[in-house]
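*Asks:* Chain by chain, the residues run as shown.
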Amino acid sequence: MNLDNLRDKLGYQGALLAAAALITTAALAVASRATGPAIAAAEARDLQQSLSQVLPGKFDNDLLKDTVVLPGPDGEVTVYRARRADQVEAVVFQVVGHGYAGRIVCMMGVDKDGHILGVRVLKHAETPGLGDKIEPAKSDWIHAFTGKYLGDPVAEKFAVKKDGGVFDQFAGATITPRGVVKAVKGGLAFFAKEKSRLLDTPMIAGKPAPTEKQP
Amino acid sequence: MTYARITKDGLWDNNVVFAQMLALCPTLAVTGSATNGLGMGLATTAVLVASNVLISALRQFISAEVRIPVYVVFIATLVTLVDMILNAWAHDLYKVLGLFIALIVVNCAILGRAESFASKNAMLPSAVDGFMMGLGFTFALTLIGGIREALGSGTLFAQAHLMLGSSFAFLETTLIPHYKGYLLMILPPGGFLVVGFLLAGKRVLDRHLAARAAVVEAVPVTA
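Those protein sequences? They're chains V and D, same order as listed. Everything in the first sequence is counted per my numbering, starting at 90 for the first residue and increasing by one. Everything in the second sequence is counted per my numbering, starting at 34 for the first residue and increasing by one.
Worth flagging that the hints you see were computed from the coordinates, not collected in a lab. Warning: the hint list may mix true and false statements.
Example chain V residues on the side facing chain D (calculated, C-beta under 7 Å, incomplete) [to be verified]: (1) GLN102; (2) LEU111; (3) THR113; (4) THR124.
Cβ coordinates follow ideal geometry from the N, Cα and C atoms, glycine included.
Looking at chain D on its own, in the form it has when it is part of the complex (with noise of 0.2 Å):
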């Protein structure tokens, strides 16, 4: 497998949310603002990572008998020591996404990699699969965020500044001044609205994609 393969498929084609659907569960929670969508992908890249890593390297002394429980345990202890180091040092950022990081736990794409890619490659491709599919997590989460936001109060990014410092700032946006919000959006049913409709719009797309290259491949090109 090449690493572009690998990229294409973390960012696109194999997409956590919009391809593998998994981790539907943080993703709705999370998402009612950007900021937090990708506050939220970046802690489960940096995990999805580590357990990568990690089970890539000790995939040799895990036997398959017992695999499931090894990765769990792991996982959670990843996912807890997150916790405590932005609890400690990123305090800010901690009373932002405190919440969410325990939920990383019960986030299945991280097992799924685990499972599906660590176990059977080297160190070096797991890391770049778990880079990968934890970017792909990080831009759908941001969309599926902005697009809330953006519909449901108005903004793009606000108090991005408490989340990647004041150097930040300038991502926050009004977009509407003055808007007096449309609640359904924030509220759970809009996060279950926006990913069906980005579901639908990468499905279409994809087709559209696979069409045009199969024209591209049947007439044959003269030079």
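Chain V extracted, bound-state conformation (with noise of 0.2 Å):
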């Protein structure tokens, strides 16, 4: 059969387009069953990157495989526990603040007595040069919230500079570093009220025990 005169057919058309997705979804789905397992360590590569900045100090558990899961200010927050000898030291958990161009994503370290260990920004669509200054590689702004907890600065002053609070805003830039601080007030508060909770479940032979969930 001519392949010029079969090209013009209505069947030929419908098999062509079946076999150009049949071909494509099956590429697809085997790259996703080859990089599937690459990606993932990637991904947690980076978690454990980003624990660590916010982390300073040792400790001596995998802290992705300790976690728990409550409900926090944006939905469930996974909280990641450092343990040294059994007992919870910190805990490292995300929180999400509003700022000029979205989300800002933070991951916070707070150690067992409520201090924050420190800030970090891992997602964010601020504008360049302005409110990317959250981003430690542009700025030490982020550096200002190691070592404050509830209580210094009190719940009032805990803000950016032109609400009163003892935080400085950027030059042309308030909206983001507001987003930022209420967002790290908001995971203090989310500590001080889990408190209990967080640092008190035991380790069970090396598991963490079942997590509790709220309804």
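With the hints as a guide, bring the two chains together.
*Replies:* Spelled out as structure tokens, the structure:
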């Protein structure tokens, strides 16, 4: 059968589209299987890296395996716990602020007394040159949180200077730092509220105890 | 069509950005720095070569009536494959470029080359065309990114080591130390401005070259 004649047939065109869809889907399925483990490993490495940035000090457990999921200010929060000799020394969790251009996802580490160990911005879409000073690569601003807790500064001072607080804002960008400060404050409040549950869940034979979930 | 012609078309005469004025959306979006421009250009080149070869190989089977959906599905698949592969095995590069990879799907230059070149030519010329068009695109993006970065933040190829590996760290230069930055150039309007000036510059240069060629032709060389 001549291909030139065949090409104009309706059936051929349907079959061609079907074949194209089949081949491409198969290729994607194979690629997804092949790259899946490597992608998961790379993402775990990223997470580990961001955890260690907000967790100075030494811990003897695998944070990624010692987690509790609790209802937080923005839906469920996964809390990673760092232990030394089976005692929870610090916890790390994500908080989300609302900046000038959408969500600002931050990772914060809090020690067992409620002091901030560090805050890092994981993801944001703030204006380059203005709002991106929340990144440690661009400015030291984010380090101002280290060592702070609810009480120093007191709740009403836990804000940017423009709102009567203690944290600097940036020239030309107030909404971004305001969003981050609010998120961090929310994170501390979350820690205070859930403190007993975050610190007291014992380890059972190297595995975290079953996590409680509120309905 | 000779390979020299294909090369010249891809790099200059029919440059994706400066002559065809295609792919302006990703062009404006990623050229905040020379490094981003270079990375986007190279990723696009890879997709362009692969899609040109694939479509050229299958051109006998693809009927004219349904060619566009077939091209679109193939291109989208190739881009997704590049996306997955980079994410898995070049994760640091992916963190820099990840946002832009998906943009390659809507790069009309790739569909444009499939339609106007690969569907009518053999595989080898199609591969060369894809490569040269890609290089021309990379050149344009790196140039625009370089100008915007130099004016906007006073650096060139900042963070190149994240993308190309630490052996390329020598590319990173600070042109103006303690530069406060000129924000407009980094923001989207800077992209429009730079592309506009470069387009105008290319027109002037081309006209100048054409005029000189005409003079050379008119005056017979006497020796």
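*Asks:* All hints, please: hold or fail.
*Replies:* We went through each hint and held it up to the structure:
1. Interface hint at GLN102 of chain V: satisfied, since its Cβ lies 5 Å from the closest Cβ of chain D, which is below the 7 Å cut-off.
2. Interface restraint check: LEU111 of chain V against chain D, minimum CB-CB distance 10 Å, threshold 7 Å, status violated.
3. Hint on THR113 of chain V holds. Least Cβ distance to chain D is approximately 4 Å, under the 7 Å limit.
4. Interface restraint check: THR124 of chain V against chain D, minimum CB-CB distance 4 Å, threshold 7 Å, status holds.
Comparing the model with each earlier hint shows a violation of hint 2 alone; every other hint is respected.
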